[in-house]
Amino acid sequence: MTVVLIPGLLCDAYVWQPVLARIGAAKVADLTTQRSITEMAQSCLDATPGPLQVVGHSMGARVAMEMARLAPDRVRRLALLDTGIHPLRPGEAEKRAEIVNFANEHGMTALAQRWLPGMVHRQTPELMADLTQMVERMTPAIHARQIEALIGRPVAAEYLPQITCPVLLVVGEQDQWSPVSQHRDMLDLLPNARLEIIPGAGHFAPVEAPDQLADLLADFLTLAPEVPETPLYRRDLADQGYALNKMANSLGRPDNRAAFKADEAAYLDRFDLSAEQKQAVLDRDWARMVAMGGNLFYILKISAVDPVPITAIGAAQAGMEHLEFLQKRLGKQING
Amino acid sequence: MARLIGGLGTSHVPSIGVALDRGLRDTPDWKPFFDGYIPAQAWVAEAKPDIAIVIFNDHGNAFFLDQVPTLALGVADRYRPIDEGWGPRAIPDFVGAADLAWHLADQMVERHFDPMICREIEVDHGLQVPMELVFGRPEQAWPVKVVPIFVNTIQYPIPTPERLWQLGAVLRDAIASWPGDERVIILGTGGLSHQLQGSRAGFINQQADRDWIAQIGPNPDRYRRMSRQDYIETFGSEGAELIMWLAMRGAMDAEVRTVMTHYFAPASMTGAGMVLLENLGA
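In the order they appear, the protein sequences are chains A and B. In terms of the working numbering, the first sequence has 330 at position 334, counting the first letter as 1, and numbering is strictly consecutive. Each number in the working numbering corresponds to the 1-based position in the second sequence with 1083 added.
Treat the hints as calculated values from the structure; they're not laboratory data. Check the hints yourself; a few may be wrong.
[What the hints assert, rightly or not] Here are the simulated lysine-lysine pairs, DSS-like style, with alpha carbons at most 25 Å apart:
1) B/Lys1114 <-> A/Lys328
2) A/Lys274 <-> A/Lys257
3) A/Lys324 <-> A/Lys274
4) B/Lys1114 <-> A/Lys324
5) A/Lys242 <-> A/Lys257
[Unchecked claim] Footprint (simulated), chain A over chain B, 3 or more residues, beta carbon under 8 Å:
6) 1139 to 1145
7) 1281 to 1292
8) 1341 to 1351
We treat Cβ as the ideally placed atom computed from N, Cα and C, and that holds for glycine.
With these hints in hand, go ahead and build the complete structure from the sequences.
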């Protein structure tokens, strides 16, 4: 089931890198063009069909909640990070208007210097530099639109009790902007939620405590099977390896085998392989072929042309000598 | 009504066929593996089934990645053994039990299983090897007709274990409702633990294999409840083929007798073996 990751104010895919690395394929939403939370939510729904698992950070979590309101049948799981449901507070609109003007006058670097320090608890020079660069990738106009969306935000507290899908709430314990108490309020309203508090992290928990957050999300989201050191043949590999597997599959026919044997390079040119894939075939580099989307059941037909034991192909992938592979991996008794 | 005389789970490793082709049957690497099937062959010869329903996965031989049916059913009169790249194999064609196959098609769709219906298709080692292991290699003709059922276990998403169990339940009822008097054996094939791809290649879990063989008869529920992730972790990425044994087990009675078992590892890169089950009322 597709996972959609929604960044917060002035954020982009950078904040989701650790999560992306852990859970594999996911879509990162773009909130740079819309002027309201509802419009943002609708564009996320339009961008990705089918049932969704939605993860939102800060303003992105408000968008995620709005998606659940708009499409309760499609949003199957929600993870809401460092966020809140409170409506506009007295004086908030004026404060936000001032900061929009500040960004317009002084630019994004100045805005980053003013805005970021209060948001981050675990401040390291590297993290602050990365976050500053992220803010610099935005523009005062994007900032103004997103602030406009936040000022006009829907009253989520009214519909939270109707969100019945499983919800994971996560907050950095030292989040000063969206404190733990706001998440407890949400927990009280949501019928099917749990709250996780990450110690030692502030509002930017996704990058301040990347491992803990990725662990929590990997555990919460319903993911396709994922086993270490095990390339399962799903869409990414299927896309990458299609031409390679098609070439290998063609060797099931005797006439094609003969043509391949006669001139391997010319035969490979008949197919749409990348240069690296061609080289891997010429080199009989089984591990590289698999890494580039080759599926064993197809590339075995390459091994049938000039026979190589499948255990040697296994050993090459395991990075072991053949004999060592037979003994250690397969538990084969070798005499003499 | 047709009668289900037994359920048999077995590996279908391609090297098994190659070993037979090359006369390696009695070499030290292979003899203990093949000898373990002799009692099952004797049991089957005695039981005289007329039709074998064989649940297996094609390995990129009949289906390429351009069209991947999650579930396909053969309704042909004849199935030729496919050339998998090593050249044609000297085994007879398989004669299809087309009447029963069309009945299965009706019953499956009625019960919300919607297979691709194949009337001209070749069969790879996924069907060939189990047939050779169970019936030996005949000179002229196989002693049974076959109904092949192809399950996608290569490209994700593959079906869930529970789904294949349910398929078994449908097959069970379909066999019982078939007006013919044929004796039917059902073969669930694939496994046992093995992994061919990635740096985890060569993964074999002998203990899990032995547990599976001992428990698939008396305690199948634990295997029904496992996720695909669990199968891959426990049995390796290609070991997840074992979900096809669940269709065989799901076609049997709740209470079965484990008639015989056999296990050998490694056969090539695979934990290999079989289990033969009989309904207690049989």
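Here is what the structure says about each hint:
Simply put, B/Lys1114 and A/Lys328 have alpha-carbon atoms about 15 Å apart, close enough for the 25 Å limit, and the pair holds. Taking the CA atoms of A/Lys274 and A/Lys257, the gap is near 15 Å; set against the 25 Å cutoff, the hint holds. Annotation: proposed proximity of A/Lys324 to A/Lys274 is violated, straight-line Cα distance about 32 Å (limit 25 Å). Between B/Lys1114 and A/Lys324 the alpha-carbon distance is near 22 Å, which keeps this suggested pair within the 25 Å criterion.
Restraint check: the Cα-Cα separation between A/Lys242 and A/Lys257 comes to about 17 Å, which is no more than 25 Å; the hinted pair holds. Under the rule that three or more residues need a Cβ within less than 8 Å of chain A, the assignment of the region 1139 to 1145 of chain B holds, with 3 such residues. Under a criterion of three residues with beta carbons nearer than 8 Å to beta carbons of chain A, the stated coverage of the region 1281 to 1292 of chain B is upheld, 8 such residues being counted. Check on the region 1341 to 1351 of chain B: 3 of its residues sit with their Cβ under 8 Å from a Cβ of chain A, so the three-residue criterion for coverage holds.
The structure shown violates just one earlier hint, number 3.
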